[in-house]
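Each protein sequence line maps, in turn, to chains A and B.
The numbering of the first sequence is numbering that gives the first Met the number 0, which starts it at 0 and goes up by one.
The numbering of the second sequence is numbering that gives the first Met the number 0, which starts it at 0 and goes up by one.
To be clear, the hints were calculated from the coordinates, so they are not data collected in a lab.
Be a bit skeptical, because a hint or two may be false.
To be verified - Calculated lysine-lysine pairs in the PhoX-like style (CA-CA distance at most 25 angstroms, straight line):
| id | chain 1 | residue 1 | chain 2 | residue 2 |
| --- | --- | --- | --- | --- |
| 1 | B | 226 | B | 339 |
| 2 | A | 336 | B | 341 |
| 3 | B | 665 | A | 54 |
| 4 | B | 339 | A | 341 |
| 5 | A | 530 | A | 339 |
| 6 | B | 54 | A | 568 |
| 7 | A | 339 | B | 291 |
| 8 | A | 352 | B | 302 |
| 9 | A | 220 | A | 339 |
| 10 | B | 302 | A | 336 |
| 11 | A | 352 | B | 692 |
| 12 | B | 329 | B | 530 |
| 13 | A | 226 | A | 336 |
| 14 | B | 665 | A | 282 |
| 15 | B | 161 | B | 586 |
None of these values were measured; they are calculated from a predicted model.
2 protein chains.
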Amino acid sequence: MIVYKIIDSVMKYRFGNPVSTDAVVFKGNEINKEKLQYFTVENQQFLKLKYKMHKNDIVLGLGENLKGINKRGGVFESYCSDDADHTPDKKSLYGAHNFLVINGVEKFGIFIDYPGRVLFDIGFTHKDELEITINDKNLDIYIINGKSLRDIINRFLKIIGKSYVPPKWAFGFQQSRWSYQDAKKVEEIANNLIKNDIPCDSIYLDIDYMEDFKDFTISKKRFPNFKSFVKKMKDKGFRLIPIIDAGVKIEDDYEIYKEGIENGYFCVDEEGNPFIAAVWPGKVHFPDFLNKEARRWFGLKYKKLIDLGIDGFWNDMNEPAIFYTERGLKEAVDLAKESKNKNLNIHSFFNLKDSFENLSNNTEDYKSFYHNIDGELVNHDRVHNLYGYNMTRAAAEGFKEIEPNKRFLIFSRASYIGMHRYGGIWTGDNHSWWEHILLNIKMMPSLNMCGFLYSGADTGGFSSDANAELIIRWTQFSLFTPLFRNHSAMGTRNQEPYAFDTESTDTLRNTIRLRYSLIPYIYSEYMKAVKNHDIYFAPLSFEYDDKYSRYVEDQLLVGDSLMVTPIYKENAIGRYIWMPEEMLLWKASDYNYRDYDVINKGHQYIDININEIPIFIRKNKILVLGSHANNIEKLDNTQLNVIAFVDNKATYTYYDDDGITYDFDKGIYSEIVIDIEKIDDDYRININNKGNKHVKKLNFEIIDLRGNIIKKSLIINRVEKGDIK
Amino acid sequence: MIVYKIIDSVMKYRFGNPVSTDAVVFKGNEINKEKLQYFTVENQQFLKLKYKMHKNDIVLGLGENLKGINKRGGVFESYCSDDADHTPDKKSLYGAHNFLVINGVEKFGIFIDYPGRVLFDIGFTHKDELEITINDKNLDIYIINGKSLRDIINRFLKIIGKSYVPPKWAFGFQQSRWSYQDAKKVEEIANNLIKNDIPCDSIYLDIDYMEDFKDFTISKKRFPNFKSFVKKMKDKGFRLIPIIDAGVKIEDDYEIYKEGIENGYFCVDEEGNPFIAAVWPGKVHFPDFLNKEARRWFGLKYKKLIDLGIDGFWNDMNEPAIFYTERGLKEAVDLAKESKNKNLNIHSFFNLKDSFENLSNNTEDYKSFYHNIDGELVNHDRVHNLYGYNMTRAAAEGFKEIEPNKRFLIFSRASYIGMHRYGGIWTGDNHSWWEHILLNIKMMPSLNMCGFLYSGADTGGFSSDANAELIIRWTQFSLFTPLFRNHSAMGTRNQEPYAFDTESTDTLRNTIRLRYSLIPYIYSEYMKAVKNHDIYFAPLSFEYDDKYSRYVEDQLLVGDSLMVTPIYKENAIGRYIWMPEEMLLWKASDYNYRDYDVINKGHQYIDININEIPIFIRKNKILVLGSHANNIEKLDNTQLNVIAFVDNKATYTYYDDDGITYDFDKGIYSEIVIDIEKIDDDYRININNKGNKHVKKLNFEIIDLRGNIIKKSLIINRVEKGDIK
């Protein structure tokens, strides 16, 4: 074992000779140290780490996974999985995010930088034991120390590098379905959104836009004049976001296939031939995204669609999902043939049924192909979790080459820590279940801690049928998630915001308008999180260390100023809330209509109507609010509303930039720093305008602990820095 | 349509010429009436009923089904289904319980007495519309009016006839697993329970006790001396409860098969040959339980096991579950053969996979066999929901003939209203998911409303692996359910009460002892519910009509005196509770250690440790508590503890009987009526001893609204009726 000091309070422990994941961007310096901090290590066939948890320790992290914000009691496996049943007994979803934070008698973070199978038993087998089993003896382990959870997270986010930043329009509402199958249908959706006056920035193209599910092709039949159609939709206010799949169809005349074969860009089987799996189009090869040249080749292919006017993509099926392989299918079919006319009993019948059931995403298949990593052949199983990551990296590196200073929307299904620098993720094929709203709530801060800021769930649920109430309640939460997309599967009930009754459409319109009015805050908080190696969604325990806050699983802090308490139960007329301190409650039904209640510290119940979204402004914190438009580019935030809940003083930094380039990286962005100080019964407001030319006026509503409101307006251009009484 | 008045406030509307279900035991008198009350009727291809719900109406009922106590927002289908994934999108489980209660602007019950497919859309498609679609035009509809929910339920439970009563020992804790596969394993379980001092009344035998899964056989290899083994176990304090399956193995020398064939007792296919399906043993025939003679024949077969000392059974796979039929298997295998070496794409691949996936419980199969009902051949699909019902009726009618005055334990997986007179049910193959504790909580009152009092879930979950905390929390709820059984599936982690750490075993021992100490209350409340056409578990809305009570989904009234508020969330340190009035809280960790808090009306949060069970005694209500023993027969309740929370006065009727015969039906049982009246700062206690000879002493703890406790003891034999100050 070699030990490195990466940055202050962060150590790396290197075991054996690991494959490089590029998850961490700092190299660090080798130091003299021998023992892994906190854990006992068993170095037998596999590496096993053990930590004795104390009774009240909680464990955070693991990104995209099941169960709670507090992972204690569960068992989890990092192995990117295309499993569309996110039931509570599952151990893996699409992402592999091996970062945990222990918040207890001891406070620290641990990152297992190993891209194969890792098992986390967090007090499941033995209630006080955290046991991590790594399927290998070559890996890096990082231990992150810090005085507070925030401290630990800041350090971890620093070493893994800054988050991906999408274009600002990607913070708008987005409408999707598998599939809006042709231009006519897409236009119908756009027109319905316009007719119902529902703001929206983009419409998604799922697999049916392609010709026979071939990447970077367009079905001529369904989208006869794609380029002009893209323009027409953009003129109406909608960007089209096509899907790209991992598997490349095996078809003689198909350019991508031919080039891949010619250049040896596909993963290979034991014999060195391109590995064959089957997905949507039938048999495919998998581009070897772990091979630098193959990655570059595939990444530049996005140009085909960019040239047609496309500004954003989603990368799918990149665990990689496998429906079947020839090996598996042959075995199953042979077993079926043998079974013909037999009297199958419990054993032989389930054996047969399982042979078909287990065709997809079979471990044997994952063990039977190889990557070319810097000239070395590496078995897929050992680097499985890097595949989707590097597909998205291919896209991002491609974009950088194609249009270096343009931000593209890109997000992925599969991921590994490190991919957060290249794109976002969505949380995969959930269901229209109330339980999955709660899962969505719990997953967001966990994802943020692992670097994934641009993320969100399929609002309303992908599989199963939704009713109006579920869509409303889910949308009321998703409006706070950076990726805000309504998406559903083929064969399910339509669930667009206008698909139900008029009253529900009205509620959803107001909900989505609220999102647009919150863009000044959401974008500021997102960009500051990126800049400061911070998170956007946090569990209460990040700010409050009382007895109850650490166990709260259904309330989140959003950015610096807000706490949200979504409704995720059917027929609910309100909910219970733990108030770690007094806050200002705005039950938002229409962003233009604001009234406030001061809610006291303690356990509280609040009534919430179906059209209301409870937004809590924390004590001595400030919310900035604009107004809505039908898409992000049309937002006119020359005036902003500033809502402040002030006991003594509060400060807020409003951030903005051009929204489309990487100029912010060179320091080209604006800030308005707002300071409010209570003096007797009035407030002193101090505005520090750092480069802002867009916002002309701030309208203040300042509320004190007794609920008294004072309103003021301030012209910004004229008072670049000044005290107002 | 012919209309009958069944009893006061209950009408039957007969459409066409329905198959008799024997769900309702009253015939009623034909009256002159034309219109179905409350509903509009569309009589097209199917019968469709519509009711316009008001905004705040809630809808209760549907027995064994998914979603909430309040069914509004959901869509449900009555079609007994062997589906082991009780996920929120499922429409059917094992039972078909077509009874709903609307609690809103109008209050009434509706029972759709039709044993085929019925669809209930309760505001799912249109949020204000209740729509019931019946797959036929021959059926009875009952409308039950009443002034209160209790009133409606009492009338409904009256017309469907009194509930099954199990022997008293069936209220003990029961231990099960698929499978304790041989005598050695069963004895090991018994010894472990004894060694760990965990009370238990019975151990279950799942399918492996049989010879090749043949009903009414015993594996000679695994249970070589069954009769003496049964006795040995009974001497240790455990009854053995074998499973009986619906399908009868096709095997030339097997007696049941031969007799069934000879007498034409099996369901037949289109050609009139015995219908062939496949289940555990491979190919089977289904006894035609809807044929009276076949039912009697099968029912008397239970004598084979009764003669070996068996006192209880569980009837399984009686939806009936079908793994496959020859038709289905042939089609799937043929498709597989055609697929060999083909390049299957999305369509052809899922077509193939689904053909195996859909082999089991396929609608085509259910449509392809027939019953002989009083000489008439009836397609199974039309009477599907009567099958499990009549299997259990077969058993119960058999018992009556075999030992007329002995109560047997019998419960079923599939059921229909009416079956509640013959046996109980368990709620089938759930999972070790926290969500399924909550589902269990919600299902219990719904089942009670449909007549099923003797019921309970697989405590700890059947499928998936459980951890200690889940088993503890689930057991803490199940201790209140009449059927109290820990059951799990093959291949899952062991989950017996002693299977975890010592501390967890201690907690579970105390939890199960609490159950035994509560037997005087639980048995009294169960038997009074039977006698009075009442329910044992009730939603809060049955007693409290405030705004919040009607929406409470995770608190239940248990009998007349208690409210329970189970913990069903992992890592919880307490929970929120709606208190519709002040109540007395006992956080029970050890039934011998009692202290109390008066909890005020309103929304409350209470801290609850892992070893604590919150039990609320309602205002002016009384709990009677005995002490534990290692099984029910060993209980020595010559002294009872009476805990009373008294504002002004309270009354309680303690019930008891011999626990093993039906003599209670002839009025042979005892009661002790306890009246407590507050007079100034003291209490007047009045005891009316009606035939009790067993209880000698009552120890009172009477608590007032300020939490003051007065303790008194009363010798019963000497004061049959008297006032004590």
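Hint by hint, here is what the structure shows:
With a C-alpha separation of about 53 angstroms, the suggested pair residue 226 (chain B) and residue 339 (chain B) falls outside the 25 angstroms cut-off, and the hint is violated. Between residue 336 (chain A) and residue 341 (chain B) the CA atoms are separated by roughly 15 angstroms; this keeps the pair inside 25 angstroms, and the hint holds. Between the alpha carbons of residue 665 (chain B) and residue 54 (chain A) the distance comes to roughly 56 angstroms, so the proposed pair goes past 25 angstroms and is violated. A C-alpha spacing of about 20 angstroms is found between residue 339 (chain B) and residue 341 (chain A), which places the hinted pair at or below 25 angstroms, so the restraint holds.
Taken as a hint, the residue 530 (chain A) and residue 339 (chain A) pair is broken in the structure, with Cα atoms around 64 angstroms apart against an allowance of 25 angstroms. A C-alpha spacing of about 17 angstroms is found between residue 54 (chain B) and residue 568 (chain A), which places the hinted pair at or below 25 angstroms, so the restraint holds. Straight-line distance between C-alpha atoms of residue 339 (chain A) and residue 291 (chain B) comes to about 37 angstroms, which puts the hinted pair past the 25 angstroms bound. For the hint linking residue 352 (chain A) to residue 302 (chain B), the alpha-carbon distance of about 37 angstroms lies beyond 25 angstroms, and the restraint is violated.
Using a Cα cut-off of 25 angstroms, the hinted pair residue 220 (chain A) and residue 339 (chain A) is violated, with the two alpha carbons roughly 42 angstroms apart. This hinted pair does not check out: residue 302 (chain B) and residue 336 (chain A) have alpha carbons roughly 43 angstroms apart, beyond 25 angstroms. Among the hinted pairs, residue 352 (chain A) with residue 692 (chain B) is inconsistent with the structure: their alpha-carbon atoms are about 60 angstroms apart, more than 25 angstroms. Taking the CA atoms of residue 329 (chain B) and residue 530 (chain B), the gap is about 53 angstroms. The hint is violated against a cut of 25 angstroms.
In summary, the hint linking residue 226 (chain A) to residue 336 (chain A) is not supported, as the alpha carbons are separated by about 50 angstroms, beyond the 25 angstroms threshold. As the CA atoms of residue 665 (chain B) and residue 282 (chain A) are separated by approximately 74 angstroms, the hinted pair breaks the 25 angstroms bound. Between the alpha carbons of residue 161 (chain B) and residue 586 (chain B) the distance comes to roughly 34 angstroms, so the proposed pair goes past 25 angstroms and is violated.
In terms of the numbered hints stated before, the structure departs from hints 1, 3, 5, 7, 8, 9, 10, 11, 12, 13, 14, 15, listed from lowest to highest.
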